[in-house]
Amino acid sequence: MSGRQVGTRFLEGEGADEFMAAFKRAVVPADRRAAARDVLPPVVLLAEGGESGEGDGGGEDPGGRAHRAMRGLERCLRRERGGKLVPYAALGAAEAARAVRGRRPLTLAVGQRLCEDVPPRTGRLRLPDFQLMRDVVECALEQGPGAQSLTGEQMRDRCYEGRRRRGPVLRALWQLGGGDPPTVQSPAQGPGWLALALAAVARPAFQVLPRWWWARRCTRRLLWSGTTGWFADWRGSGHGRRSEEFFESAAQLVELPAPEGERQDESEAGHGPEGEEWLSTVEQLLLRALLADLKAAAGPGRVSPWRRRRATRFTVLLELGADGGSGDPAARFLSAYGTAAEELECAATVVVATGPAGVVVPGERCARLSDAATALDHATGAPEGGLEPLLAPLVPLPPGVRSGTAPRSGPVSPRDFRMGPVAEVVLEGVALVAVLGVLGAWLIPMTMGGEDESCLGGASGGPLSGRAELGATPPRQQYEAAALMIEEENKRVDEAVLRRGAEARTVVHIGAEVAKDQEGQRYNGAVPELRGIALAQRALNDEARNDSQKVWLRVRMLNGGEGYKDAERRARQVVEEAGRKGSGIIGVVAFSQSLKQTQAAVRELGRAKIPMVGTTATADAMNVSPYYRRVAPTNSREARIEADFAHRGNIMDGGSGGCSPAEAAVVVQDPADLYSKEIGNFFAEQFGGDWSKLEYSPGGRSGGASESGAPGSGGNRVTHEDSIKDVADAVCERIKAQPRTVLYWASRAREFTAFLDVFGDDTSCEGRKLTVLGGNELTTAALSGEYEARPWLRLYHTAHVLPAGHPRGSDVTQEFNAEYAAAFGAKDLWRNDGRAALAHDAMQLMAAAANEAFASTGDVERSNVQISLDNGISKEGASGYLDFGRGAKVSRDKPLVILHHTAKGSEPVLFCGSFAQNTGRVERWGPKGEFACPKDG
Numbered sequence: 001m002s003g004r005q006v007g008t009r010f011l012e013g014e015g016a017d018e019f020m021a022a023f024k025r026a027v028v029p030a031d032r033r034a035a036a037r038d039v040l041p042p043v044v045l046l047a048e049g050g051e052s053g054e055g056d057g058g059g060e061d062p063g064g065r066a067h068r069a070m071r072g073l074e075r076c077l078r079r080e081r082g083g084k085l086v087p088y089a090a091l092g093a094a095e096a097a098r099a100v101r102g103r104r105p106l107t108l109a110v111g112q113r114l115c116e117d118v119p120p121r122t123g124r125l126r127l128p129d130f131q132l133m134r135d136v137v138e139c140a141l142e143q144g145p146g147a148q149s150l151t152g153e154q155m156r157d158r159c160y161e162g163r164r165r166r167g168p169v170l171r172a173l174w175q176l177g178g179g180d181p182p183t184v185q186s187p188a189q190g191p192g193w194l195a196l197a198l199a200a201v202a203r204p205a206f207q208v209l210p211r212w213w214w215a216r217r218c219t220r221r222l223l224w225s226g227t228t229g230w231f232a233d234w235r236g237s238g239h240g241r242r243s244e245e246f247f248e249s250a251a252q253l254v255e256l257p258a259p260e261g262e263r264q265d266e267s268e269a270g271h272g273p274e275g276e277e278w279l280s281t282v283e284q285l286l287l288r289a290l291l292a293d294l295k296a297a298a299g300p301g302r303v304s305p306w307r308r309r310r311a312t313r314f315t316v317l318l319e320l321g322a323d324g325g326s327g328d329p330a331a332r333f334l335s336a337y338g339t340a341a342e343e344l345e346c347a348a349t350v351v352v353a354t355g356p357a358g359v360v361v362p363g364e365r366c367a368r369l370s371d372a373a374t375a376l377d378h379a380t381g382a383p384e385g386g387l388e389p390l391l392a393p394l395v396p397l398p399p400g401v402r403s404g405t406a407p408r409s410g411p412v413s414p415r416d417f418r419m420g421p422v423a424e425v426v427l428e429g430v431a432l433v434a435v436l437g438v439l440g441a442w443l444i445p446m447t448m449g450g451e452d453e454s455c456l457g458g459a460s461g462g463p464l465s466g467r468a469e470l471g472a473t474p475p476r477q478q479y480e481a482a483a484l485m486i487e488e489e490n491k492r493v494d495e496a497v498l499r500r501g502a503e504a505r506t507v508v509h510i511g512a513e514v515a516k517d518q519e520g521q522r523y524n525g526a527v528p529e530l531r532g533i534a535l536a537q538r539a540l541n542d543e544a545r546n547d548s549q550k551v552w553l554r555v556r557m558l559n560g561g562e563g564y565k566d567a568e569r570r571a572r573q574v575v576e577e578a579g580r581k582g583s584g585i586i587g588v589v590a591f592s593q594s595l596k597q598t599q600a601a602v603r604e605l606g607r608a609k610i611p612m613v614g615t616t617a618t619a620d621a622m623n624v625s626p627y628y629r630r631v632a633p634t635n636s637r638e639a640r641i642e643a644d645f646a647h648r649g650n651i652m653d654g655g656s657g658g659c660s661p662a663e664a665a666v667v668v669q670d671p672a673d674l675y676s677k678e679i680g681n682f683f684a685e686q687f688g689g690d691w692s693k694l695e696y697s698p699g700g701r702s703g704g705a706s707e708s709g710a711p712g713s714g715g716n717r718v719t720h721e722d723s724i725k726d727v728a729d730a731v732c733e734r735i736k737a738q739p740r741t742v743l744y745w746a747s748r749a750r751e752f753t754a755f756l757d758v759f760g761d762d763t764s765c766e767g768r769k770l771t772v773l774g775g776n777e778l779t780t781a782a783l784s785g786e787y788e789a790r791p792w793l794r795l796y797h798t799a800h801v802l803p804a805g806h807p808r809g810s811d812v813t814q815e816f817n818a819e820y821a822a823a824f825g826a827k828d829l830w831r832n833d834g835r836a837a838l839a840h841d842a843m844q845l846m847a848a849a850a851n852e853a854f855a856s857t858g859d860v861e862r863s864n865v866q867i868s869l870d871n872g873i874s875k876e877g878a879s880g881y882l883d884f885g886r887g888a889k890v891s892r893d894k895p896l897v898i899l900h901h902t903a904k905g906s907e908p909v910l911f912c913g914s915f916a917q918n919t920g921r922v923e924r925w926g927p928k929g930e931f932a933c934p935k936d937g
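Read in the working numbering, the sequence shown has 194 at position 194, and its numbers run on one by one without any break.
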């Protein structure tokens, strides 16, 4: 192993050296067979309090010492420059709090963390039973409490859908069988009776039969087998063939109990005694599945290159809450672990938990840490009695003893491999792969058939179903409700500072004026942006409450006026307030639009060296200060992806049932609008070939001369139009001259609505198909049904998030969508347009910088926050993975989605970028994934 870590002090008390040595021997046993033979008891380190000012931990509360011990143990399992040395999962107070809020078993997070960032060249960790049980539990959570129970067949179908997403073979078979069944809105393409005949053969052979065989294998493995049938052992149902099916039993087992009494809404599920009993049951189910998989992965074997690399134990580090008890996810996990590990005789895991001495955890108490070390060293085979946790004291140093006497401990030293398991297999079969490659290159073109002319996204036209609702509450009232959430949270911060002496700072938000009426909501993002900030502030302060190393955040709200006309004046106000001693202002989260006014505000704040994080403003021209960065993808990235989409995707409807890529483009832009002019120019540059531009500024005349070429001369040209009627006529002429012309709308959404009204009724193109590609500016209006009931319109536009419930969304995204729906409704106008998610992530980024500054320097000044931002921050976000490298102003490969509107609602036809750190990187798009996603350079 290269790059040894410097020793770290984090345990004190009698026997600390012995315990650290025993812990490392348990994780990396000298006898590799021990990981498959010797079952270890879980260890709970209970931090006791010490007298203030004495010893190494003087003045530090037991919770802080327990947190430091857990993080110290984690450092022993990591490389000096990052990356795991052994597979482990470390879950602190923040993860436990998220589990409580989401009412989810902690084992879900443990299994996910074990699979993330596995040590290099050891191969992917496969957990088939755990993934199946995770799908079963997710189905129950998605169904909700009190809903109609799932049948065994319904549970099987949903779990098989999840299995298909993880397996390329099953996914390919499903596509060979015809994919998802056709609907009335997207009928099957084919020559009538022949398509029906093929479907009658292909679907049973490639869909029904593989699904039946997969379900039968699950039943045989989990119920019938005496070797792998842990599920039958746990349920006490015996082994062997019989009529019972696994999915029927699982559907009954995980059914959520209906809330009783007055708790009739879904938010109360999981908090009553029935909910706690359900959580305990699914925790045991998931934990047994996980331990069964880990036991199989660590089994002895020298033939398989994967087995040879499983020479260490899988480690789980937990941090117990201050009160413990059955409501604490970590305590519930420990309670279920002892029984599960004993029954399964799983020796592949090491579990260590830390917490303050006051937590209530049943187990066997040890007098010293050395007693726990002895128990770890002397564990042999399966336990004869119960596998209870060992409760060991984490005693502070005696008075007068300096911290230099605390133990020093370097990292564990597992065996290092020079190549991965796949590389070994590839080297042995390279000749066969080469032959198959040559044959494939010859056979594939012969079997591909004709050119694909299916339209990307199905048939167009018709009203939207399941669209967002405008709602009856006035926009001002919705805005004030979000502002009240922030004001109440600010009071909670003040109370934490007063009572606990918590570290707190202020983030300023400069927002736009709220819409005047319900219709104006389609074009205004003030409400969702403030909601996203409110949800982020609440979550961040919850984390600060559980972790003294994190900063509490207030939010100062300032109104930038209608169209941000007062943005520069508000920026000067922030500069003045930040300059006052003790202001506590660490930065600004602001600017949902790219305008000359907001650009000037960025310059003003940058001159005062105030850190800024932008929300939904996308223009590259906003980057006029080294103190500004943003969480939304830039116009240059969006235009590059949209141009590739227009060139390659079958989006142009020829009227004969088939579609083809665009061959020409006409761009409509406003030269007086910073966003519109920039993204229009970027798209034209990236599209290349045959393009033209129409410039139109609402409320003003731009002149009628052409910059390049006379009207009608052909080639690349720019013309200026005086009215929206002139724009519609000019677009009509372009389409009649070249039917495969896509309209790229770079102007604002209000003008697009006016354009459609004129184009459909007052031009000579009545009845012609019109394909429009637009930016995120059209998102809210489109999702609310503004452009429906136009059968001649085929509309594609970008969004910054996937629709809620999409399987590509990360855990953080799903949690945010659930919290937003719980607070504002599942059919809220802005749930899927991305504004709230981006505002949430902007706050998360600013908070991450503040926490990093506080942890490294103990100070949260603006200069330290800016240094943390400049050094780079990476974390999961509600809008995708936030990956800011050193000095980066935008997140690398930020997700971008292109939506198409059909009769069944809004569907993503392209989504590219990093939706999650490890499992959510999308690098291909197209019906069959045939096109590469453009990446940031």
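Derived from the structure by calculation, the hints contain no laboratory data.
All C-beta atoms, glycine included, are put in the ideal place defined by N, C-alpha and C.
Accuracy of the hints is not assured; some may be wrong.
Simulated restraints, written as ranges between beta carbons of each label pair [what the hints assert, rightly or not]:
{"no.": "1", "residue 1": "Arg241", "residue 2": "Leu209", "range": "38 to 46 Å"}
{"no.": "2", "residue 1": "Arg171", "residue 2": "Ser764", "range": "25 to 33 Å"}
{"no.": "3", "residue 1": "Arg235", "residue 2": "Met557", "range": "24 to 32 Å"}
{"no.": "4", "residue 1": "Pro698", "residue 2": "Glu923", "range": "27 to 35 Å"}
{"no.": "5", "residue 1": "Arg572", "residue 2": "Ser764", "range": "49 to 57 Å"}
Computed cross-link-like contacts, EDC-like style, restricted to lysine to aspartate or glutamate with a CA-CA straight-line distance of at most 16 Å [said to hold, decoys possible]:
{"no.": "6", "residue 1": "Lys516", "residue 2": "Glu562"}
{"no.": "7", "residue 1": "Lys516", "residue 2": "Glu480"}
{"no.": "8", "residue 1": "Lys875", "residue 2": "Asp811"}
{"no.": "9", "residue 1": "Lys875", "residue 2": "Glu852"}
{"no.": "10", "residue 1": "Lys736", "residue 2": "Glu788"}
{"no.": "11", "residue 1": "Lys769", "residue 2": "Glu751"}
{"no.": "12", "residue 1": "Lys596", "residue 2": "Glu577"}
{"no.": "13", "residue 1": "Lys609", "residue 2": "Glu577"}
{"no.": "14", "residue 1": "Lys935", "residue 2": "Glu852"}
{"no.": "15", "residue 1": "Lys889", "residue 2": "Glu861"}
{"no.": "16", "residue 1": "Lys581", "residue 2": "Asp811"}
{"no.": "17", "residue 1": "Lys769", "residue 2": "Asp757"}
{"no.": "18", "residue 1": "Lys928", "residue 2": "Glu480"}
{"no.": "19", "residue 1": "Lys889", "residue 2": "Asp870"}
{"no.": "20", "residue 1": "Lys516", "residue 2": "Glu495"}
{"no.": "21", "residue 1": "Lys769", "residue 2": "Asp811"}
{"no.": "22", "residue 1": "Lys609", "residue 2": "Asp883"}
{"no.": "23", "residue 1": "Lys875", "residue 2": "Asp157"}
{"no.": "24", "residue 1": "Lys725", "residue 2": "Asp690"}
{"no.": "25", "residue 1": "Lys827", "residue 2": "Glu852"}
{"no.": "26", "residue 1": "Lys736", "residue 2": "Asp690"}
{"no.": "27", "residue 1": "Lys725", "residue 2": "Glu685"}
{"no.": "28", "residue 1": "Lys24", "residue 2": "Glu74"}
{"no.": "29", "residue 1": "Lys596", "residue 2": "Glu576"}
{"no.": "30", "residue 1": "Lys596", "residue 2": "Asp670"}
Holds or violated: Lys596 to Asp670, with C-alpha atoms at most 16 Å apart
OK: Lys596 and Asp670 at ~13 Å, within 16 Å.
Lys581 and Asp811 were given as a pair; does the straight-line alpha-carbon distance stay at or below 16 Å?
Violated. Lys581 to Asp811 sits at ~41 Å, over the 16 Å cutoff.
Tell me if the straight-line CA distance from Lys827 to Glu852 falls inside 16 Å.
Not OK: Lys827 and Glu852 at ~37 Å, beyond 16 Å, violated.
Holds or violated: Lys769 to Asp811, with C-alpha atoms at most 16 Å apart
40 Å, violated
Check the hint pairing Lys516 with Glu480 against an upper bound of 16 Å on the C-alpha distance.
The hint holds at about 13 Å.
For Lys736 and Asp690, compute the direct alpha-carbon distance and say whether it is at most 16 Å.
With Cα atoms ~15 Å apart, Lys736 and Asp690 stay inside 16 Å; holds.
CA of Lys516 to CA of Glu562, is that 16 Å or under?
10 Å, holds
CA of Lys736 to CA of Glu788, is that 16 Å or under?
24 Å, violated
Is 38 to 46 Å respected by the C-beta to C-beta distance linking Arg241 and Leu209?
20 Å, violated
Next pair to validate is Lys725 with Glu685; report whether the Cα-Cα distance is within 16 Å.
26 Å, violated
Are the Cα positions of Lys609 and Asp883 separated by 16 Å at most?
Answer violated: Lys609 to Asp883 is near 23 Å, above 16 Å.
Would the pair Lys928 and Glu480 pass a check requiring their Cα atoms to be no farther apart than 16 Å?
With Cα atoms ~46 Å apart, Lys928 and Glu480 exceed 16 Å; violated.
The structure fails to meet hints 1, 2, 3, 4, 10, 11, 12, 14, 15, 16, 18, 20, 21, 22, 23, 24, 25, 27 and 29 from the earlier list, while all remaining hints are met.
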